[in-house]
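Trainee: Chains as they are written, first to last, in numbering that gives the first Met the number 0: chain A, 0 to 502; chain B, 0 to 502; chain C, 0 to 502; chain D, 0 to 502.
Do not rely on the hints blindly, as some may be mistaken.
[Stated by the list, open to error] Residues from chain B shown here face chain A by an in silico Cβ test under 8 Å; the list is partial:
#, residue
1, Asp65
2, Asp252
3, Ile317
[What the hints assert, rightly or not] Distance windows between CB atoms, simulated:
#, chain 1, residue 1, chain 2, residue 2, range
4, B, Ser393, D, Glu389, 42 to 52 Å
5, C, Pro214, D, Pro214, 48 to 58 Å
6, B, Arg108, C, Gly488, 54 to 64 Å
7, B, Asn492, A, Asn333, 12 to 22 Å
8, D, Arg390, B, Lys69, 31 to 41 Å
9, A, Lys331, C, Arg390, 48 to 58 Å
Please keep in mind that the hints were generated in silico from the structure rather than gathered at the bench.
All residues carry an ideal CB built from backbone N, CA and C; glycine is no exception.
Now for the letters of each chain:
Number of protein chains: 4
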Amino acid sequence: METGASAFHVPEWMIQFADQKQEFNKRPTKIGRRSLSRSISQSSTDSYSSAASYTDSSDDETSPRDKQQKNSKGNSDFCVKNIKQAEFGRREIEIAEQEMPALMALRKRAQGEKPLAGAKIVGCTHITAQTAVLMETLGALGAQCRWAACNIYSTLNEVAAALAESGFPVFAWKGESEDDFWWCIDRCVNVEGWQPNMILDDGGDLTHWIYKKYPNMFKKIKGIVEESVTGVHRLYQLSKAGKLCVPAMNVNDSVTKQKFDNLYCCRESILDGLKRTTDMMFGGKQVVVCGYGEVGKGCCAALKAMGSIVYVTEIDPICALQACMDGFRLVKLNEVIRQVDIVITCTGNKNVVTREHLDRMKNSCIVCNMGHSNTEIDVASLRTPELTWERVRSQVDHVIWPDGKRIVLLAEGRLLNLSCSTVPTFVLSITATTQALALIELYNAPEGRYKQDVYLLPKKMDEYVASLHLPTFDAHLTELTDEQAKYLGLNKNGPFKPNYYRY
Amino acid sequence: METGASAFHVPEWMIQFADQKQEFNKRPTKIGRRSLSRSISQSSTDSYSSAASYTDSSDDETSPRDKQQKNSKGNSDFCVKNIKQAEFGRREIEIAEQEMPALMALRKRAQGEKPLAGAKIVGCTHITAQTAVLMETLGALGAQCRWAACNIYSTLNEVAAALAESGFPVFAWKGESEDDFWWCIDRCVNVEGWQPNMILDDGGDLTHWIYKKYPNMFKKIKGIVEESVTGVHRLYQLSKAGKLCVPAMNVNDSVTKQKFDNLYCCRESILDGLKRTTDMMFGGKQVVVCGYGEVGKGCCAALKAMGSIVYVTEIDPICALQACMDGFRLVKLNEVIRQVDIVITCTGNKNVVTREHLDRMKNSCIVCNMGHSNTEIDVASLRTPELTWERVRSQVDHVIWPDGKRIVLLAEGRLLNLSCSTVPTFVLSITATTQALALIELYNAPEGRYKQDVYLLPKKMDEYVASLHLPTFDAHLTELTDEQAKYLGLNKNGPFKPNYYRY
Amino acid sequence: METGASAFHVPEWMIQFADQKQEFNKRPTKIGRRSLSRSISQSSTDSYSSAASYTDSSDDETSPRDKQQKNSKGNSDFCVKNIKQAEFGRREIEIAEQEMPALMALRKRAQGEKPLAGAKIVGCTHITAQTAVLMETLGALGAQCRWAACNIYSTLNEVAAALAESGFPVFAWKGESEDDFWWCIDRCVNVEGWQPNMILDDGGDLTHWIYKKYPNMFKKIKGIVEESVTGVHRLYQLSKAGKLCVPAMNVNDSVTKQKFDNLYCCRESILDGLKRTTDMMFGGKQVVVCGYGEVGKGCCAALKAMGSIVYVTEIDPICALQACMDGFRLVKLNEVIRQVDIVITCTGNKNVVTREHLDRMKNSCIVCNMGHSNTEIDVASLRTPELTWERVRSQVDHVIWPDGKRIVLLAEGRLLNLSCSTVPTFVLSITATTQALALIELYNAPEGRYKQDVYLLPKKMDEYVASLHLPTFDAHLTELTDEQAKYLGLNKNGPFKPNYYRY
Amino acid sequence: METGASAFHVPEWMIQFADQKQEFNKRPTKIGRRSLSRSISQSSTDSYSSAASYTDSSDDETSPRDKQQKNSKGNSDFCVKNIKQAEFGRREIEIAEQEMPALMALRKRAQGEKPLAGAKIVGCTHITAQTAVLMETLGALGAQCRWAACNIYSTLNEVAAALAESGFPVFAWKGESEDDFWWCIDRCVNVEGWQPNMILDDGGDLTHWIYKKYPNMFKKIKGIVEESVTGVHRLYQLSKAGKLCVPAMNVNDSVTKQKFDNLYCCRESILDGLKRTTDMMFGGKQVVVCGYGEVGKGCCAALKAMGSIVYVTEIDPICALQACMDGFRLVKLNEVIRQVDIVITCTGNKNVVTREHLDRMKNSCIVCNMGHSNTEIDVASLRTPELTWERVRSQVDHVIWPDGKRIVLLAEGRLLNLSCSTVPTFVLSITATTQALALIELYNAPEGRYKQDVYLLPKKMDEYVASLHLPTFDAHLTELTDEQAKYLGLNKNGPFKPNYYRY
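Generate the whole structure from the sequences, applying the supplied hints.
Mentor: This is the structure we're talking about:
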């Protein structure tokens with residue numbers, strides 16, 4: 000990788016995390032969220048507000064593993080909640096197709112050549128209508144796929160049914176146990192007559208499982224495509240330890256994905272999440288945003304635009320200077336904690352908001368987290384006898400001090416945008432297109448282009464993902480003339496920037 | 000360098016440029032700007048509006064090279080316009096010191112140790128009050144310096160005099176001929192009993208000169224610090240050709256410098272430059288900005304905030320997508336050229352605005368350039384007999400078509416912000432601090448840390464530059480706790496980000 | 000009134016509307032919304048998404064009019080859904096009290112004097128927790144009150160129960176029939192031993208009822224306070240016709256209420272309403288906003304801030320020029336209808352979006368209304384056989400053309416912010432405070448200050464409402480010195496502006 | 000007037016001011032600005048940075064009153080600096096014509112009818128190219144005019160010459176003495192065979208003169224059009240005292256003029272004025288803006304957009320609440336005076352910034368005034384022996400405290416935008432068009448429409464001014480259908496809003 004694995008910090012929690020992994024057959028007798036969160040990756044157990052089953056009757060208590068189901072063609076190589084929900088799921092997939100023009104364009108271009116012909120992809124992601132469009136695109140490009148869910152709550156049963164009905168071996172349902180989770184993954188990997196040669200992972204659990212159980216399988220695997228912060232960190236760790244035995248593509252840090260997942264998406268979802276949970280007015284409110292990375296930048300810009308007065312805390316002097324130049328007072332949290340109406344964490348750090356801070360907040364202060372883990376607010380410190388918790392609506396708790404002061408805690412400190420707002424299809428389209436292109440690149444790369452290391456998506460592919468999404472905005476790109484391309488020393492088709500370019 | 004020299008494009012104009020370099024002793028009989036611009040670097044002949052001599056009487060036509068001058072201590076190792084202007088220059092330097100707290104802080108910290116003790120720095124930069132603060136800081140840090148100007152117009156004679164009076168061997172005056180230019184540089188390099196061991200360059204002319212004339216000198220040189228786009232490109236070219244024989248630090252692409260020189264500075268200077276030249280009202284005006292890099296982003300944000308309707312053109316689909324998400328219509332120039340009130344180029348490319356575009360613009364359309372060269376607008380194409388040029392005020396020409404249509408051309412297509420607005424001291428402070436730290440790093444680096452290649456400023460130093468400027472904003476940085484640093488796998492003092500982080 | 004009733008336009012729909020009023024005892028056998036909307040005021044039948052009963056079991060089908068209920072003190076002078084829900088309602092009222100500091104401040108100031116002692120107020124408003132805080136404040140200020148609902152859907156039954164439990168004669172429940180609606184109003188007006196002397200109305204139905212049924216009652220009435228656009232228009236109409244027989248206070252047009260109900264509130268609710276219904280991304284979307292009054296200004300500012308490209312249509316050249324200066328392209332709807340992603344109406348006009356426009360919109364275009372009536376989009380024109388309606392979620396319909404094109408229609412063209420988002424308590428606090436002060440002013444005004452006309456809230460009271468809400472923002476007002484007040488010719492306590500001041 | 004003269008506050012300084020008026024024949028022996036500012040209206044002596052003579056040679060010391068000049072047609076009924084400068088002035092007028100399309104449109108429409116046929120207008124305004132376009136438009140509309148300058152410094156001699164050359168009796172030059180000032184006015188009013196029937200005034204000096212000297216003249220005068228704050232205040236004062244003997248039109252408070260002179264213009268000129276004087280960077284700066292009227296709103300919006308952190312002070316709770324909702328901390332000046340980098344006054348009040356405040360400001364704090372008089376900053380308090388004044392460039396003083404602290408005072412506390420930036424022609428076009436329409440209205444109004452009172456420009460004319468400026472922005476207004484006009488109760492051609500509408 001160009002940017003140097005050595006430059007990357009291996010955080011402590013990554014290391015601890017890996018040690019705590021357990022195997023699936025130790026079925027826990029009583030599965031609370033608390034116990035689960037130690038044994039499978041955090042992201043695999045985060046709750047999803049928007050991922051409710053559309054047609055959920057919930058009456059059926061039988062485990063899908065105990066059911067005998069066939070699709071209309073008699074195929075039974077899948078395990079979903081209820082194959083009869085396929086029709087509803089198909090309609091959802093069709094609607095999603097309309098909003099994912101980039102993948103549909105890939106399908107069209109693939110009518111001649113099949114860049115993934117021969118590819119055997121095992122995948123582990125959220126199972127949603129958008130993922131289904133990705134999977135069926137991979138199929139149209141020539142690949143065979145087997146798929147499990149990367150999160151025990153996020154599967155849309157109807158979509159899983161629709162995929163199964165179409166002949167995709169899908170193993171996923173909403174509300175899996177931890178044991179189910181690993182069982183489903185195993186069913187995608189370890190099946191007679193199937194030798195996967197590509198991995199598409201989201202969180203690293205699938206990769207982890209193959210490392211643990213079927214390390215020999217890597218001999219035939221051409222590469223791993225990993226989407227999540229967590230999974231990417233694990234890969235860098237493996238690479239640093241010299242244990243990564245195939246090339247891996249870090250699509251999480253591609254430019255388009257980063258900007259959309261963080262800056263552009265959070266700019267909108269911070270407002271959405273706060274409104275849906277609290278109906279508050281933003282104008283005139285004093286807000287402190289902890290962390291001025293892409294997520295913090297998005298939150299600050301949106302709140303400032305709505306008339307809030309925003310303070311920023313930072314540990315990094317460069318980001319701090321950006322906050323200053325963008326018009327935000329840079330403070331330590333203690334300086335403003337008594338006066339602010341809202342506290343938002345966007346750091347990726349732990350214990351950014353401590354019990355001491357919470358004690359000093361004023362009545363009705365809202366506290367929420369937009370960062371990538373649920374450790375930023377020390378919620379555990381609020382689980383003490385003298386404080387009363389009152390659930391006032393879904394995802395909203397009032398924590399009440401003995402003197403009557405109430406703190407409004409959103410989503411129990413978990414990700415606000417994941418829990419209390421929805422992710423626009425457009426953002427998911429960018430991610431899915433990036434994944435598809437990364438698979439194509441790794442699968443078709445000539446011997447030697449990629450070694451046993453972690454790579455960023457090639458600049459040119461990143462640019463290609465972007466270009467596939469421009470028609471949505473009726474945006475017209477300018478082309479270089481031959482003369483201009485020569486003058487700039489560029490190929491007319493890109494890449495247009497050096498790797499260190501910051502956008 | 001981490002980001003790979005191989006990833007860098009070598010533009011054609013860089014190559015041509017190098018070929019055209021001539022030597023100084025071929026004194027041209029008649030020096031027009033046109034001829035000059037081929038023989039020395041472009042940046043060395045750009046005009047500077049803000050660089051007028053404060054006390055300029057201009058009566059004295061004697062070349063400084065023909066004068067005998069001594070400072071009050073009897074020293075004559077310098078060549079400036081008029082040593083008697085020293086007092087006025089000293090006052091300017093003192094005012095600048097008040098606004099460059101970072102360098103003053105460095106001086107204070109250097110009272111104990113002298114990180115540049117033994118350093119012999121030869122420098123070639125603009126000679127302004129801010130540079131003077133840098134030079135005197137380098138002196139305070141233990142260095143000996145000899146200095147020339149990197150631009151034949153930009154020297155402030157009073158400041159040069161003040162430096163000479165203080166004992167700095169300075170060779171620079173406003174209005175040097177090309178021959179003078181190289182003579183001054185030579186006087187800094189080639190003097191009895193002086194063997195420079197560090198180079199501080201802005202534009203690459205000094206480095207070029209040593210390569211041509213005194214290549215052996217590089218044996219004792221520990222490194223080059225280069226600030227300009229042009230100079231950095233030359234260094235990458237040398238590196239690619241395997242001819243770079245010492246480590247070089249590209250400070251142009253450090254984060255703080257980039258953001259301030261481009262995004263933050265242009266956000267303000269586009270408004271300033273347009274107002275000072277045209278007194279126009281921004282509200283409701285239709286503007287097309289060509290290029291959505293940092294400069295384009297700054298221009299667009301400012302004009303949008305003032306109520307202009309802004310269109311963007313781009314060749315790079317990623318930047319194009321950013322423009323869309325930031326609320327700008329992405330168009331080809333032809334689509335809007337008939338309707339816009341203002342055309343601004345920020346591409347670094349050539350012939351972005353062609354005669355054909357100019358022919359189609361509406362009456363009173365304003366055309367200007369914020370990019371890094373004067374080729375973006377094809378101004379030469381307007382020098383045809385059927386068009387009348389009318390100079391309506393300094394830096395403002397009306398080009399008049401036979402039918403009476405007027406185009407308002409600013410600064411003849413050269414950089415608007417350089418020609419028609421001023422650069423805030425704060426921005427210069429960031430650049431100067433970056434240069435000082437780069438010199439310290441290269442001078443003190445242990446053997447082997449840097450090879451014969453071009454390096455970006457180490458992240459930690461970039462962060463340090465930022466931290467030295469935070470007090471200006473009364474900004475309070477948060478410190479990591481031990482526990483948090485461990486959790487994140489970071490050193491409490493930084494660096495806080497991986498090298499590929501985009502800010 | 001200072002601003003001249005004669006300057007006010009009497010719209011046609013106001014006149015028609017009044018003619019269609021019917022009496023309550025003609026009980027319709029089958030009450031559809033369509034029939035209802037002709038017989039009682041439009042606002043009285045608008046649907047409310049946020050007005051669901053908190054504890055709704057809905058099992059009880061008995062009409063409250065047929066029930067015998069008593070509160071804990073044996074009082075039965077009320078008619079609510081279920082007096083047993085009082086405790087829950089009381090808790091809601093207590094929460095609302097915390098966010099309505101202005102009314103609580105009024106209560107505190109009233110501990111000494113009772114400015115409404117002797118006042119007998121009959122009210123007809125939405126029955127919510129916020130209204131309850133208003134009613135109990137009026138009580139604390141010395142008034143006796145009887146209250147009905149101004150909308151057949153909006154009553155929160157629990158709140159009504161809590162008020163009844165506290166001894167307030169409340170006649171209101173969620174889901175009243177038209178007959179119930181007028182019966183409830185009548186029970187507030189016409190009861191043995193009760194002669195109201197003040198009217199607080201929202202929509203004009205109460206005022207209308209007394210005019211029709213008990214015109215003699217006006218002899219003892221000191222004044223009417225009216226909050227809604229519709230009710231205020233009716234009052235101006237009465238005034239113009241010489242039929243207004245008591246002073247009336249138009250609180251709808253007070254500065255604070257206008258800015259909060261329109262500009263500030265819509266700036267937030269347009270984003271909220273669009274997100275909750277469609278989960279769309281705003282960045283890069285092309286939007287046309289019809290109308291650039293306060294509502295349009297708020298919508299445009301919010302969408303521009305989120306990165307949308309916004310076009311504006313206007314009929315008024317002054318507002319049009321404002322749109323230009325604020326950075327929006329001013330177009331006719333036809334010019335952009337084919338390209339936009341969203342159409343938002345904010346005009347108060349009818350048929351702004353016609354079937355012809357709808358026919359020309361592109362696939363997936365979202366259409367919604369933020370104006371004050373449901374006539375802006377010609378929804379009726381979409382009820383034709385060739386178009387298919389598909390309800391995709393609550394408040395969201397897809398209207399599908401024969402060629403498959405879908406238009407996304409929100410809230411069936413009714414008010415988006417009323418139907419699909421919530422109104423912050425802070426806004427309701429401003430309205431309620433304004434109503435309370437208007438009642439105090441009219442009740443205590445010396446003979447002759449107000450004639451039989453429609454008045455705006457006195458400037459000083461408007462300023463007082465604002466000042467009561469400043470502590471929420473920890474805002475510190477500056478006081479004039481004696482010298483400054485003299486210099487400006489102002490009283491130190493205001494009013495600070497001439498009546499024509501535009502803010 | 001609809002809004003009630005009685006509602007208007009008569010400030011003390013208006014009253015004092017009128018008392019101090021003196022007559023012109025008391026020629027002062029030595030005219031300093033200090034003495035002048037007591038005897039003629041403040042606005043008549045304000046300095047103008049942009050009003051320098053274009054071709055100023057300044058050699059000619061002869062008073063124009065002592066010269067014998069004729070234009071090329073032999074006419075000598077004028078008094079200007081130098082009739083030979085006419086050609087240059089004509090060119091300036093032609094350029095201005097290109098940017099004043101509204102007046103040119105009026106001329107075109109007047110080719111058939113002459114709405115000002117028979118009008119004899121005496122005018123007293125700034126004499127600039129834009130005023131010349133107004134005067135020549137009035138001529139084209141049928142009027143005869145005589146003109147003097149309303150400010151002793153602001154006349155552009157070349158323009159005055161061009162008008163004289165064209166046959167306009169103009170009496171004005173740059174650098175008039177006070178005596179000259181009144182002499183010029185007198186020469187416009189009191190001349191054989193001339194009986195003016197309309198007054199166009201800017202500041203009220205002309206009106207005052209006629210009141211004092213030729214009160215009988217008002218018998219034939221149909222009305223006064225007054226543009227300035229000062230002049231309008233005088234008129235309201237006359238009206239209140241029952242001494243106004245003709246109708247007067249307050250064009251200062253027309254919507255378009257207010258928004259452009261204040262909100263839109265100041266939004267741009269605050270940035271321009273600060274940059275031109277200080278070259279400061281706005282990003283990250285802490286700024287306090289005193290006053291949140293239209294001017295303050297414009298300043299705050301601009302600075303916030305450039306990344307400054309803005310605090311606001313206010314005395315009016317409504318404006319204060321607006322500041323809160325727009326995202327500004329509302330403070331008392333004392334709370335932030337120690338920390339801010341810039342202090343801007345926009346109040347119209349006196350001694351808003353006192354010596355005590357100035358004593359507490361930090362080093363390098365910039366202080367300037369955007370309000371309508373020079374009393375907002377107590378500059379006089381800085382003229383004490385212990386403080387040193389240092390003029391660092393035009394319009395910029397450093398005031399230095401004994402401990403070395405420097406305050407940067409701009410334009411000596413006079414209007415920053417008048418002194419240090421320029422007014423765009425577009426703004427002047429709006430004002431001039433408003434004046435022309437007001438003259439037409441008053442001149443043609445049927446007997447009885449206007450009484451001896453002060454009137455705002457009729458809404459419809461205000462709308463007409465706006466509509467004449469829309470083509471500049473290629474803005475397309477929507478027209479009401481007959482059905483819509485009927486529905487809204489509006490005439491299709493406006494007026495579109497009730498008089499109290501706030502925009």
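Trainee: Each hint needs a verdict: does it hold in this structure or not?
Mentor: Here's how the hints hold up against the structure:
1. Asp65: violated, 42 Å
2. Asp252: holds, 7 Å
3. Ile317: Constraint on Ile317 of chain B satisfied, holds at 5 Å.
4. B:Ser393 - D:Glu389: 42 to 52 Å: Since Ser393 of chain B and Glu389 of chain D have Cβ atoms about 27 Å apart, the given range 42 to 52 Å is violated.
5. C:Pro214 - D:Pro214: 48 to 58 Å: Since Pro214 of chain C and Pro214 of chain D have Cβ atoms about 55 Å apart, the given range 48 to 58 Å holds.
6. B:Arg108 - C:Gly488: 54 to 64 Å: Taking Cβ atoms as reference, Arg108 of chain B and Gly488 of chain C lie about 58 Å apart, which means the hint holds.
7. B:Asn492 - A:Asn333: 12 to 22 Å: At roughly 21 Å between Cβ atoms, Asn333 of chain A and Asn492 of chain B fall inside 12 to 22 Å, so the hint holds.
8. D:Arg390 - B:Lys69: 31 to 41 Å: For Arg390 of chain D and Lys69 of chain B the Cβ distance comes to about 33 Å; the hint holds.
9. A:Lys331 - C:Arg390: 48 to 58 Å: holds, 51 Å
When each numbered hint is compared with the structure, violations occur for hints 1 and 4.
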